[in-house]
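> Residue strings, one per chain:
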Amino acid sequence: MKNRSLVSINDFSKEEILQIVDLAAKFEENPNQELLKNKVIATLFFEPSTRTRLSFDTAINRLGGRIIGFSDASSSSTTKGETLKDTIRMVSNYADLIVMRHPLEGSARYADEESRVPIINAGDGANQHPTQTLLDLYSIKKTQGTLENLNIFMVGDLKYGRTVHSLLQAMSHFNPVFNFISPDELRMPDEYKFWLDSKGITFYEHTEFTDILSRADILYMTRVQQERFADPLEYEKVKNIYILKNSMLKNTKDNLRILHPLPRVNEINTDVDANPKAYYFQQAENGVYARMAIIASILGLV
Amino acid sequence: MKNRSLVSINDFSKEEILQIVDLAAKFEENPNQELLKNKVIATLFFEPSTRTRLSFDTAINRLGGRIIGFSDASSSSTTKGETLKDTIRMVSNYADLIVMRHPLEGSARYADEESRVPIINAGDGANQHPTQTLLDLYSIKKTQGTLENLNIFMVGDLKYGRTVHSLLQAMSHFNPVFNFISPDELRMPDEYKFWLDSKGITFYEHTEFTDILSRADILYMTRVQQERFADPLEYEKVKNIYILKNSMLKNTKDNLRILHPLPRVNEINTDVDANPKAYYFQQAENGVYARMAIIASILGLV
Amino acid sequence: MKNRSLVSINDFSKEEILQIVDLAAKFEENPNQELLKNKVIATLFFEPSTRTRLSFDTAINRLGGRIIGFSDASSSSTTKGETLKDTIRMVSNYADLIVMRHPLEGSARYADEESRVPIINAGDGANQHPTQTLLDLYSIKKTQGTLENLNIFMVGDLKYGRTVHSLLQAMSHFNPVFNFISPDELRMPDEYKFWLDSKGITFYEHTEFTDILSRADILYMTRVQQERFADPLEYEKVKNIYILKNSMLKNTKDNLRILHPLPRVNEINTDVDANPKAYYFQQAENGVYARMAIIASILGLV
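Protein chains in written order, with the UniProt record's numbering: chain A, 1 to 302; chain B, 1 to 302; chain C, 1 to 302.
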């Protein structure tokens, strides 16, 4: 992976994904490193994202690296009319690696073409967020002991949610069964379903939580946002259907773990938090180790 | 103090306060340390505060630690509807210690209940700002040679000023005499006066500067803000009464030192700045050493 | 230069300028240093400037130093009514060196009078931006092998552009010939032309690109901003005249290099970027080494 950018989860092969997951486990055991001594990493957030930015900043600091950057575009030269191309060229002359989040789909790929140093895509609009996928995979491996043959439930906005699309693609290496739970308006897009068909991967679609939840190994929750609905009445009809409550977890498997990319608003009731199957805060912590693994791999330091 | 949060100045005993003060002196002698090597400290400023943030950032850097965080809530996930509880849970999975400022009273105590790591309250609304109190105490000890038996004058907004309330409580360990100078609208609240009575501590109240200033060891100035007055005419009447001018310091004691939590607007005339009794900028510097002492103590590194 | 501030390029003699240029070359060869171990540098940006801030932050990090500061005034105490004087006094009690950008002309000189530590002016309004000048000089020396006897073309807004004024003054140590290309409204001010006359330095003025460009060693481009024109029609007349296109470089010298302080908007066509004579992105990189040299010199670490 040395000197390669990570723009899409599809940039990494199954073997490379497994390498990252294994390396993340090693960094979790020994999180304080000096591997990035004398390295400067730019974290360019053209749109704000506390969680992702703090997670990367923690990963870089735990690796002993130094950080330059900005946390929103208003403090970037963009406000002076500079193009993304020029900003990336400039910063790639300052830093050894660029982590970027940008609201436009495709911006990370475009940046990668202009940059002298590798780019890590920390989210480009509705498109990709591959480090989220890798931390999700690390969380799944850590809690299930394997990535193979799992029953993965995805709930909420499956139409626009980049995290579920990327996770679907990455998990497809590992012979999963998928269950999709979403309102009709926010169903998994056809392109992803065709793709699953072409790989011979089984999936089921539901419009609400059902007894079948008892089969789940992983329950991946996402938020149903009002602004996704053309008709506010449609939102009102469904808004309470996709809220996970602790009582709904009664007949679930012991190994079930609930994931969420965070931040959550109300789609997971707080009475779930104390349930040992709730795993979203540990998942966030895993993000630090996964990002340490990604950065160290791309910089060829491991 | 190891692994304990600092939410209120009352969380620390007299002995612990003295330990911090003594340790601050040691850090002032030798300010560059590596005690925080491999530690990541989060500084979460849900409302802006340059002075406090830069002071903490300096303290952490001088201790050799690493910093993650944000300088105002607009670049936090709060804007996406995340609760304080979730933000704190997440960040406490990233960092070894959280320093937080938040506009809501009680927010630091609440955060402490959710956090896996200690919390240092860097100001929660009108409630508490205990590290300010500890740097005030260090400044008093350093300039007076002792904290015992001092004549402390507090001037300005004694009703809403959290710094004077906390300092009053902390100094009560050391047998002070207090003189309060404020407009009627902004007098020291009864609850603090009852409390002083219960401890047998003498205090006097005045509505303007008087000759009695000649007895002061410490003159603690605060700002009288127009927005505290229901009637703007009342503010107009008093606004110039609580401005300290150099000429007013003629008959004061040699050991008198003037403190102010800063930023000041006009409540200390700039002609006071050159007076050797003006101590507010050194007081700000002392904040770095006091905060180094607090952080190192809480992390159990001394 | 030890312990001296850098407020104006005229603060440094010819010999000191050459020392900085030579030291920048050494840092470029060996960019990762520990010279600033245990030093805290404040970068105070009272107005945003990504490029300059990231360049300084990179320089400080590559030197092993620690950074405190803010990237725009809205997160500074200025919003609470604090004076620049008080902010500088405070920060100079925290940090070992202050880098500041401020929209007001003269603010850096004023800050220098109040500060206990050296000030580096990172731009004070239309006045000075001396570290830009030093990186420009380093770029010229590096590409031309010398600073002496060069033919320097300056294009665009020569009236308000602080970078061209400072570069003109600094280059005057080295027996240049200047060619100025600008609209009438934005000609080089008389004070600078009188000053060149007094030094016996030859200069020519043009209102558009001419064949004489074939003589240029350095072509220093700047932006012509619409807001500089009282009459929008005047701007419309000239706006396309000062745009450099690749075709215009056909008969230029092999050693010609095109500089630009960046960010550019459209004043250099992107078809120039691939021309080996385009040097503006490397120039930005040179800024890191020049700033490392300036900081290390002022702190007396070399």
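Accuracy of the hints is not assured; some may be wrong.
Unchecked claim - So, partial list: chain C residues that the calculated Cβ filter (under 10 Å) puts toward chain B:
id, residue
1, Ala42
2, Ile67
3, Gly81
4, Thr83
5, Ser92
6, Lys199
7, Lys237
8, Lys239
Calculated directly from the structure, the hints in this document are not laboratory data.
Cβ atoms here follow ideal geometry from the backbone N, Cα and C, with glycine treated the same way.
> With reference to the structure, classify each hint as holding or not holding.
Hints, one by one, checked against the model:
no.	hint	in the structure
1	Ala42	7 Å, holds
2	Ile67	8 Å, holds
3	Gly81	4 Å, holds
4	Thr83	8 Å, holds
5	Ser92	9 Å, holds
6	Lys199	42 Å, violated
7	Lys237	42 Å, violated
8	Lys239	36 Å, violated
The structure shown violates the earlier hints numbered 6, 7 and 8.
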